[in-house]
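Student: Residue numbers (this note's numbering), protein chains in the order written: chain A, 1 to 436; chain B, 437 to 872.
Calculated directly from the structure, the hints in this document are not laboratory data. Be a bit skeptical, because a hint or two may be false.
Ranges between beta-carbon positions, derived for each pair [said to hold, decoys possible]:
no., chain 1, residue 1, chain 2, residue 2, range
1, B, Glu494, A, Leu429, 47 to 53 Å
2, A, Thr142, B, Leu624, 48 to 54 Å
3, B, Arg502, A, Ser118, 47 to 53 Å
4, B, Arg582, A, Glu192, 20 to 26 Å
Which bits of chain A does chain B cover? Going by a derived footprint, with three or more residues having C-beta under 8 Å, they are [what the hints assert, rightly or not]:
no., region
5, 82-91
6, 378-392
Heads up, incomplete: computed chain B residues facing chain A, CB under 8 Å, no partners named [unchecked claim]:
no., residue
7, Gly603
8, Ser607
9, Arg619
10, Gln621
11, Gln654
12, Pro688
13, Tyr846
14, Gln850
15, Phe852
For glycine and all other residues, C-beta sits at the position ideal for the given N, C-alpha and C.
Below are the chains, spelled out letter by letter.
There are 2 protein chains.
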Amino acid sequence: MIDETHDPDLLSWVESANGPEADFPIQNLPFAVLRRNGTAERFRPALAIGDQALDLHELHRTGLIRSSALDACMGSTLNPLMALGAAVTAGFRRDLSRLLRVDSKHVKTLETCLIPLSQVEYALPCEIGDYTDFFTSIHHATNTGRLFRPDSPLLPNYRWVPVGYHGRSSSIGVSGQTFPRPRGQIVLPGEESPVFEACRRLDYELELGIFVGAGNAQGQPVQMDDAADHVFGLCLLNDWSARDIQAWEYQPLGPFLAKNFATTISPWIVTSDALAPFRVPWTRADGEPDALPHLSSESNRTQGAIDVHLEVQIQTASMRSQGLPPYTLSRSNFTDSYWTVSQLVAHHTSSGCNLRAGDLLGSGTMSGAVAGSEGALIEITRGGANPVSLPNGETRAFLEDGDTVILGGYCARQGFRRIGFGTAVGTVLPAAPGAA
Amino acid sequence: MIDETHDPDLLSWVESANGPEADFPIQNLPFAVLRRNGTAERFRPALAIGDQALDLHELHRTGLIRSSALDACMGSTLNPLMALGAAVTAGFRRDLSRLLRVDSKHVKTLETCLIPLSQVEYALPCEIGDYTDFFTSIHHATNTGRLFRPDSPLLPNYRWVPVGYHGRSSSIGVSGQTFPRPRGQIVLPGEESPVFEACRRLDYELELGIFVGAGNAQGQPVQMDDAADHVFGLCLLNDWSARDIQAWEYQPLGPFLAKNFATTISPWIVTSDALAPFRVPWTRADGEPDALPHLSSESNRTQGAIDVHLEVQIQTASMRSQGLPPYTLSRSNFTDSYWTVSQLVAHHTSSGCNLRAGDLLGSGTMSGAVAGSEGALIEITRGGANPVSLPNGETRAFLEDGDTVILGGYCARQGFRRIGFGTAVGTVLPAAPGAA
Numbered sequence: 001m002i003d004e005t006h007d008p009d010l011l012s013w014v015e016s017a018n019g020p021e022a023d024f025p026i027q028n029l030p031f032a033v034l035r036r037n038g039t040a041e042r043f044r045p046a047l048a049i050g051d052q053a054l055d056l057h058e059l060h061r062t063g064l065i066r067s068s069a070l071d072a073c074m075g076s077t078l079n080p081l082m083a084l085g086a087a088v089t090a091g092f093r094r095d096l097s098r099l100l101r102v103d104s105k106h107v108k109t110l111e112t113c114l115i116p117l118s119q120v121e122y123a124l125p126c127e128i129g130d131y132t133d134f135f136t137s138i139h140h141a142t143n144t145g146r147l148f149r150p151d152s153p154l155l156p157n158y159r160w161v162p163v164g165y166h167g168r169s170s171s172i173g174v175s176g177q178t179f180p181r182p183r184g185q186i187v188l189p190g191e192e193s194p195v196f197e198a199c200r201r202l203d204y205e206l207e208l209g210i211f212v213g214a215g216n217a218q219g220q221p222v223q224m225d226d227a228a229d230h231v232f233g234l235c236l237l238n239d240w241s242a243r244d245i246q247a248w249e250y251q252p253l254g255p256f257l258a259k260n261f262a263t264t265i266s267p268w269i270v271t272s273d274a275l276a277p278f279r280v281p282w283t284r285a286d287g288e289p290d291a292l293p294h295l296s297s298e299s300n301r302t303q304g305a306i307d308v309h310l311e312v313q314i315q316t317a318s319m320r321s322q323g324l325p326p327y328t329l330s331r332s333n334f335t336d337s338y339w340t341v342s343q344l345v346a347h348h349t350s351s352g353c354n355l356r357a358g359d360l361l362g363s364g365t366m367s368g369a370v371a372g373s374e375g376a377l378i379e380i381t382r383g384g385a386n387p388v389s390l391p392n393g394e395t396r397a398f399l400e401d402g403d404t405v406i407l408g409g410y411c412a413r414q415g416f417r418r419i420g421f422g423t424a425v426g427t428v429l430p431a432a433p434g435a436a
Numbered sequence: 437m438i439d440e441t442h443d444p445d446l447l448s449w450v451e452s453a454n455g456p457e458a459d460f461p462i463q464n465l466p467f468a469v470l471r472r473n474g475t476a477e478r479f480r481p482a483l484a485i486g487d488q489a490l491d492l493h494e495l496h497r498t499g500l501i502r503s504s505a506l507d508a509c510m511g512s513t514l515n516p517l518m519a520l521g522a523a524v525t526a527g528f529r530r531d532l533s534r535l536l537r538v539d540s541k542h543v544k545t546l547e548t549c550l551i552p553l554s555q556v557e558y559a560l561p562c563e564i565g566d567y568t569d570f571f572t573s574i575h576h577a578t579n580t581g582r583l584f585r586p587d588s589p590l591l592p593n594y595r596w597v598p599v600g601y602h603g604r605s606s607s608i609g610v611s612g613q614t615f616p617r618p619r620g621q622i623v624l625p626g627e628e629s630p631v632f633e634a635c636r637r638l639d640y641e642l643e644l645g646i647f648v649g650a651g652n653a654q655g656q657p658v659q660m661d662d663a664a665d666h667v668f669g670l671c672l673l674n675d676w677s678a679r680d681i682q683a684w685e686y687q688p689l690g691p692f693l694a695k696n697f698a699t700t701i702s703p704w705i706v707t708s709d710a711l712a713p714f715r716v717p718w719t720r721a722d723g724e725p726d727a728l729p730h731l732s733s734e735s736n737r738t739q740g741a742i743d744v745h746l747e748v749q750i751q752t753a754s755m756r757s758q759g760l761p762p763y764t765l766s767r768s769n770f771t772d773s774y775w776t777v778s779q780l781v782a783h784h785t786s787s788g789c790n791l792r793a794g795d796l797l798g799s800g801t802m803s804g805a806v807a808g809s810e811g812a813l814i815e816i817t818r819g820g821a822n823p824v825s826l827p828n829g830e831t832r833a834f835l836e837d838g839d840t841v842i843l844g845g846y847c848a849r850q851g852f853r854r855i856g857f858g859t860a861v862g863t864v865l866p867a868a869p870g871a872a
């Protein structure tokens with residue numbers, strides 16, 4: 001629902017929120033969990049406004065808002081807030097919006113709750129009970145399917161089932177995550193049996209993450225008309241992938257070690273409410289089947305998709321030492337998804353599976369139909385055959401040690417303020433010694 | 437390590453622990469989380485001795501043991517105890533064993549800590565951060581592979597990779613769990629596109645669950661020689677499976693909705709220490725490849741496998757109303773596993789993936805080589821083609837509404853006391869109304 005909080009003319013007394021390129025204008029108000037950098041302070045929920053974080057523990061202390069939503073923010077995670085459901089969190093966002101407007105009467109008090117974003121460090125925004133990764137870009141499914149199965153790139157179920165698999169919660173980290181290059185079983189060219197070595201085909205995947213708000217009881221599927229009420233918000237998600245390990249291990253039960261060594265998300269969760277102006281019709285190309293009834297609804301057709309611009313950049317160790325900025329590898333859009341967020345929620349629970357507040361769903365790699373929109377190196381380089389040239393003369397078929405990958409995203413629409421996601425940054429370290 | 441706690445002549449002052457058929461003699465001492473049935477008491481850790489539970493909150497109150505291990509049991513889950521690692525939990529078990537022996541000086545005091553097992557209800561023993569299900573019986577992999585892929589039942593990676601996938605934590609329940617028959621996309625015979633209907637091929641899977649004790653840091657794989665130190669204990673696990681949903685959805689990313697609606701575990705975790713006398717050499721048949729070096733160790737060869745007898749029983753609604761006891765469908769043994777527990781831990785972490793205390797690993801369906809040892813209906817009935825006849829004249833190709841499935845397990849060895857696992861019981865309810 002588009003309401004007063006989306007008015008593009010709203011300005012904040014936090015002046016850095018008012019510039020046209022700000023990721024976090026007053027129309028956004030995303031949530032994260034953070035503390036002052038380098039301290040032993042307790043991590044606590046906060047929201048972003050311009051280049052500042054509004055500390056919600058401090059806000060509570062001021063007494064300016066008294067609500068169950070703010071009470072739910074008094075711990076070290078966002079799970080209790082998420083669990084309150086869409087109506088409560090929407091009301092909370094309206095309250096926060098009013099406090100941050102230029103006409104707020106409480107600026108002096110609220111200024112005591114601000115921490116510059118340049119001085120914070122983040123934790124995961126919530127306890128992620130279960131993490132599920134989907135596969136919703138038909139272009140990505142086709143591009144990668146061609147490499148694994150040249151004769152049948154897109155399997156018959158793809159157009160009917162929002163294909164997904166359960167991922168690993170324990171190794172999800174917040175932006176800034178580093179991890180050693182994984183080792184694993186790899187079958188070298190021309191060989192039939194594997195060796196255990198460091199991954200040679202390490203890749204990123206450009207995804208959106210979807211945080212569940214209110215959960216559902218086991219055995220009680222969420223219906224399409226209710227699905228949006230169970231979504232708290234979105235973040236950026238890098239599903240790091242070891243392609244050589246994946247190729248050998250993935251049949252018949254799917255990816256496992258190829259994905260479970262690390263997953264990096266952006267710290268700020270952009271709420272469903274902030275994204276309301278960027279909802280667009282969910283459409284399918286001519287010849288594609290319609291969704292089955294349990295994955296269909298009128299509101300899904302008219303506004304099920306979300307127009308989120310995505311991009312991925314790389315900065316190698318050499319680029320860093322040469323002072324070169326990150327280089328953009330590709331750009332895509334969440335409207336490249338074959339399925340909507342509501343369809344993912346309805347599908348996931350259609351078996352009776354219960355979602356819990358703070359559960360994370362990955363969209364799957366967002367690749368578009370055209371060159372330059374591929375969301376992973378394996379697609380850009382055609383399985384490594386056509387390496388990418390970087391501005392300093394380096395090339396990349398896959399990621400090398402020291403490479404930093406930066407995901408970015410934003411929403412933009414005529415007549416509305418730009419809404420930014422910030423970034424999800426992760427860096428590959430050399431394989432750990434002693435692992436074999 | 438076999439020590440005094442395994443002495444078969446040890447008797448307990450809890451007399452029900454001393455009979456030859458007791459699941460929980462003083463040589464076992466498994467852990468669970470429970471409270472008095474039908475009360476609003478706080479769930480708390482306990483151990484089983486004969487037909488009694490020893491309430492560890494009450495034991496703490498007596499002051500008879502003062503240790504970090506008992507302190508770690510003062511919450512509502514076993515995670516803090518598990519996290520202390522194998523050496524601490526082994527010492528704790530020795531302390532508890534001494535208190536429960538016939539020569540204990542504290543019987544009167546300890547009697548105040550007992551609750552009859554007939555009067556308790558269970559919670560999950562811990563928070564299960566991540567659940568991974570493996571596929572370690574080569575007989576099961578071959579039997580089911582033949583049904584899904586007649587031309588290539590056993591894929592080339594099977595003999596090298598301990599194949600596994602991430603499962604769903606949220607829907608794991610403790611024995612006594614009921615769940616509505618799942619709905620899902622199913623392709624009916626002769627059709628190409630799916631319908632959304634109640635599962636017609638609902639199955640169980642007879643597995644062992646393995647609880648992680650001390651975890652490992654991300655990026656630091658557990659080596660084979662250390663793997664046993666990261667295992668807290670074992671339980672029974674029923675990996676309920678919707679075969680028709682699985683057949684349509686599982687490519688290319690593995691099982692998802694076909695498995696995530698429910699998983700049932702037994703309440704009592706039999707510790708690694710209690711299982712020590714039942715360790716046996718890990719062997720492979722002639723012609724099978726040896727494990728790669730990172731999955732090999734001398735202790736794994738000499739004592740990596742565990743001799744656990746397993747069985748599955750069914751009791752239909754009609755059998756219950758006729759007063760008929762459960763009927764045994766099959767018997768198998770954990771030595772049918774192609775991989776050992778230590779190999780699963782080393783493999784899982786070999787990518788750098790971190791395990792956390794309380795994580796659960798499923799063994800995969802334990803099927804043996806011979807008729808009568810198949811751990812799932814799909815194998816027993818050859819994909820439903822040869823239904824099983826039950827004692828009351830009913831037949832089962834797959835599970836029907838009202839069917840109760842009961843997993844059981846025990847260890848037995850000449851010169852040692854029998855160690856029981858109790859049971860994992862689950863019942864299928866009719867599909868929930870209104871799901872589509």
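Student: Just pull the numbers of the violated hints for me, sorted ascending.
Tutor: Failing hints, ascending: 2, 5, 6, 13, 14, 15.
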